[in-house]
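Student: Guided by the hints, dock chain B onto chain A, whose structure is given.
There are 2 protein chains.
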Amino acid sequence: MGAPIPLSPLAPGAFPDLPAIAGVRYATTQAGVRYTGRDDVMLAVLSPGSTIAGAYTRSATRSAAVLDCQEKTGHISDQGAAILVNSGNANAFTGRHGTDAVKFVTEAAAKALNLPESRIFTSSTGVIGEPLPHDKITTKLDELVVNLSADTIKDAAQAIMTTDTFPKGSGTTVHVDGQPVHIAGIAKGSGMIAPDMATMLVYIFTDAVVNQTVLQSMVSALNNKTFNCITVDSDTSTSDTLIVGATGASGIRVTENSVGFMEGLRQVMLDLAHQVVRDGEGATKFVEISVTGASSDTDARTHAMAIANSPLVKTAIAGEDANWGRVVMAIGKSGAPADRDTLSIWFGDIRVAHEGWVDPSYNEAAAAAYMKQQELTIHVDLGLGGGTAVVWTCDLTHGYIDINADYRS
Amino acid sequence: MGAPIPLSPLAPGAFPDLPAIAGVRYATTQAGVRYTGRDDVMLAVLSPGSTIAGAYTRSATRSAAVLDCQEKTGHISDQGAAILVNSGNANAFTGRHGTDAVKFVTEAAAKALNLPESRIFTSSTGVIGEPLPHDKITTKLDELVVNLSADTIKDAAQAIMTTDTFPKGSGTTVHVDGQPVHIAGIAKGSGMIAPDMATMLVYIFTDAVVNQTVLQSMVSALNNKTFNCITVDSDTSTSDTLIVGATGASGIRVTENSVGFMEGLRQVMLDLAHQVVRDGEGATKFVEISVTGASSDTDARTHAMAIANSPLVKTAIAGEDANWGRVVMAIGKSGAPADRDTLSIWFGDIRVAHEGWVDPSYNEAAAAAYMKQQELTIHVDLGLGGGTAVVWTCDLTHGYIDINADYRS
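Read top to bottom, the protein sequences are chains A and B.
Just so you know, we're using my numbering here: the first sequence kicks off at 137 and counts up by one.
Just so you know, we're using my numbering here: the second sequence kicks off at 137 and counts up by one.
These are calculated hints, taken from the structure and not from any lab test.
The structure displayed is predicted, hence computed values, not measured ones.
Check the hints yourself; a few may be wrong.
Claimed, not checked - Okay, the calculated bits of chain B under chain A, using three or more residues with CB under 8 Å as the criterion:
hint, stretch
1, 222-231
2, 454-464
Stated by the list, open to error - Distance ranges between label pairs, derived from CB positions:
hint, chain 1, residue 1, chain 2, residue 2, range
3, A, 500, B, 233, 14 to 24 Å
4, A, 521, B, 233, 23 to 33 Å
5, A, 203, B, 496, 15 to 25 Å
6, A, 485, B, 174, 37 to 47 Å
7, A, 149, B, 504, 33 to 43 Å
Unchecked claim - Some chain A residues well away from chain B (every beta-carbon gap over 12 Å; in silico):
hint, residue
8, 173
9, 174
10, 282
11, 284
12, 288
13, 314
14, 360
15, 391
16, 392
17, 393
18, 396
19, 515
20, 521
21, 522
We treat Cβ as the ideally placed atom computed from N, Cα and C, and that holds for glycine.
If we strip away everything but chain A, and leave its shape as in the complex, we get (with noise of 0.2 Å):
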């Protein structure tokens, strides 16, 4: 596997204080999957009465467990409900095999949870390709049921971590009807990495009482302006998965017009998706990218993923280098409309093309100044209508390709 993989320097000063979310108990064991002198098994259980959504990768080659949840995702039930991942094998390309191992751990945890098995979700990241022993985790079961407990949310965000540096959480309290509800997340990836695909997972818990559709419409809502807007390296895992459950256990209702404990909501999945780039193999740079004045907002997502996405782009941002001809150069082949006469470009509150030339106040000084910073915005106003994107990236540097070629053995 390889030299160990340095800490993010992007990384923050400190996993956070989360509030704890009546309802939702974690554990976590050493099955040794695949990592040893770690953990590498998380089980949360849900309290009867949770309502779970879900989101999950649109790749076609999606693994045994995604489709398993998938199906499992907007049944209603009266029942508790589990989630057990597991770290060091992705469960992904093994054909028949994968389907069975999914069914084999998801029969022994109902069984030792006394859930019926539509309400266990697995997930599975790691080396794909090879069989799962998911007998070194359905062995650990009764274990990790013993051990379940409130406060270890933060050993649950360290025992999904494959190749991350960092684990990852975001919690928040809003007022609903002026009570107090809380929201508390974790999630790994740091773009994808074989055998190692380095997935992005994601568990989210309240405990407000939600209508699973109300909770589904939400998640599936801010999911496009999160996790959907962020991009290390433009690959597209076989695993990406997204699950809220809402315990209920506060006893305060949200409806689809709780506005407040939507945007707590959203604040959490976006803290999450910009650990995730926090976290992009071999990142030196965040980079907000946002796009105003297309023809519609999903020509603007266009245009911005086709920035955010550029190898030339993402280059020149490791080189501290002010570079808005490659930006010009990736609007031009997005495929979206651009008209290069109307188009103007800023780095940060540098304005440094407009209308289609360099700007004539452009200072290459002050924008090579601007381009050390560590936290960087590129926007860029097309001039033609009012649709509008935002996403976020990171550089692509040296550290990529050694944690993608050169590390592996």
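Tutor: Just chain B, lined up with the frame of chain A:
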């Protein structure tokens, strides 16, 4: 501009001996547009009666010269024609000034050559966003006209280079109705670099007699199987230009049924396209990606380009890692139909994955040995239908980061 870029390890041994094309003469000179101590302007003049076909970038931010060439291509004329190219400045994203600069240059060239402006085709490649110093080019026109020669196609190939590490030429002689017809072409391109936008420029000449509409339909069809099937970094130039001129000097007429001529033209175009990949920034491996069994040719191409552009696939190749998991990932994310359980993947002759799982006979040592070769093939069969595609790419190495991030001051 930083240190010089070392010669690509994939470069051919020498510039090929190209057949002379009756009716085409070349001249080059040092105009000092940006580079010093080397030729940076190339003039090619075609005899009266030549037909001209072309293919151009689809970028929405294409340069003024590209727009001008597009407008002129398809025009029928009995007059001669000329192609005037400068390196060092792309005259892209230069607003109204850019359009004016093309006008100045084409007017001056038309006068110097006694040709209508509609028969002057120009290209510019190099730094973008800076005004083209068109006077430096136009003052050299008389010298260029005096020095026109049939024997200097290699000088022409060198004058159009920017960050290319070797000049690119290809030629062949085919027989039409038993009579020899000659084809010779030059190209430049090695990815895209700003400020040097190392865009692709290609000029191919033949002494065949070819009706303009026949030539254009051949060029358009062959372009889709050659230059449109290569990728270095997924980025698209503002200036990509392919011009094919047929002088008719051989007196041998080619029709849409001249299979031998079309095959010769295809070989020259493919050879030049491959040379661009071989000069890909930082490239150490030349990779053919073929997809069969797709639902359609379009789907096959979508999958092949997703594999060819995936940073994770390309870094795995750089690391000499037979990482078929990343190929599965790229297929999954491409958006075209795929069924995990009918998918097979080969690295060279080694079948690494079959029917949705690692091949039972897979031998990692054999695959690792194969990956050490400089020329690689990856073949995917989707098991869905009859759609096929072949594309070519290179690996993603530290050299790419060096060239695009580190080397620029």
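Student: Are the hints correct? Go through all of them and say.
Tutor: Results of checking the hints against the structure:
1. 222-231: holds (count 4)
2. 454-464: holds (count 8)
3. A:500 / B:233: 14 to 24 Å: holds, 19 Å
4. A:521 / B:233: 23 to 33 Å: This hint holds: roughly 27 Å between Cβ atoms.
5. A:203 / B:496: 15 to 25 Å: Cβ of residue 203 (chain A) to Cβ of residue 496 (chain B): about 24 Å, so the range 15 to 25 Å holds.
6. A:485 / B:174: 37 to 47 Å: holds, 40 Å
7. A:149 / B:504: 33 to 43 Å: Check passed, 41 Å falls within 33 to 43 Å.
8. 173: holds, 25 Å
9. 174: Fine: 22 Å to the nearest Cβ keeps residue 174 (chain A) off the interface.
10. 282: holds, 36 Å
11. 284: holds, 34 Å
12. 288: holds, 32 Å
13. 314: Non-interface label on residue 314 (chain A) holds, nearest chain B Cβ at 45 Å vs cutoff 12 Å.
14. 360: holds, 17 Å
15. 391: Residue 391 (chain A) is indeed farther than 12 Å from all Cβ atoms of chain B, at 36 Å.
16. 392: holds, 31 Å
17. 393: holds, 36 Å
18. 396: Holds: least Cβ distance 36 Å, greater than 12 Å.
19. 515: Residue 515 (chain A) clear of chain B: closest Cβ-Cβ about 17 Å, beyond 12 Å.
20. 521: holds, 15 Å
21. 522: holds, 19 Å
The earlier numbered hints are all upheld by this structure, with none contradicted.
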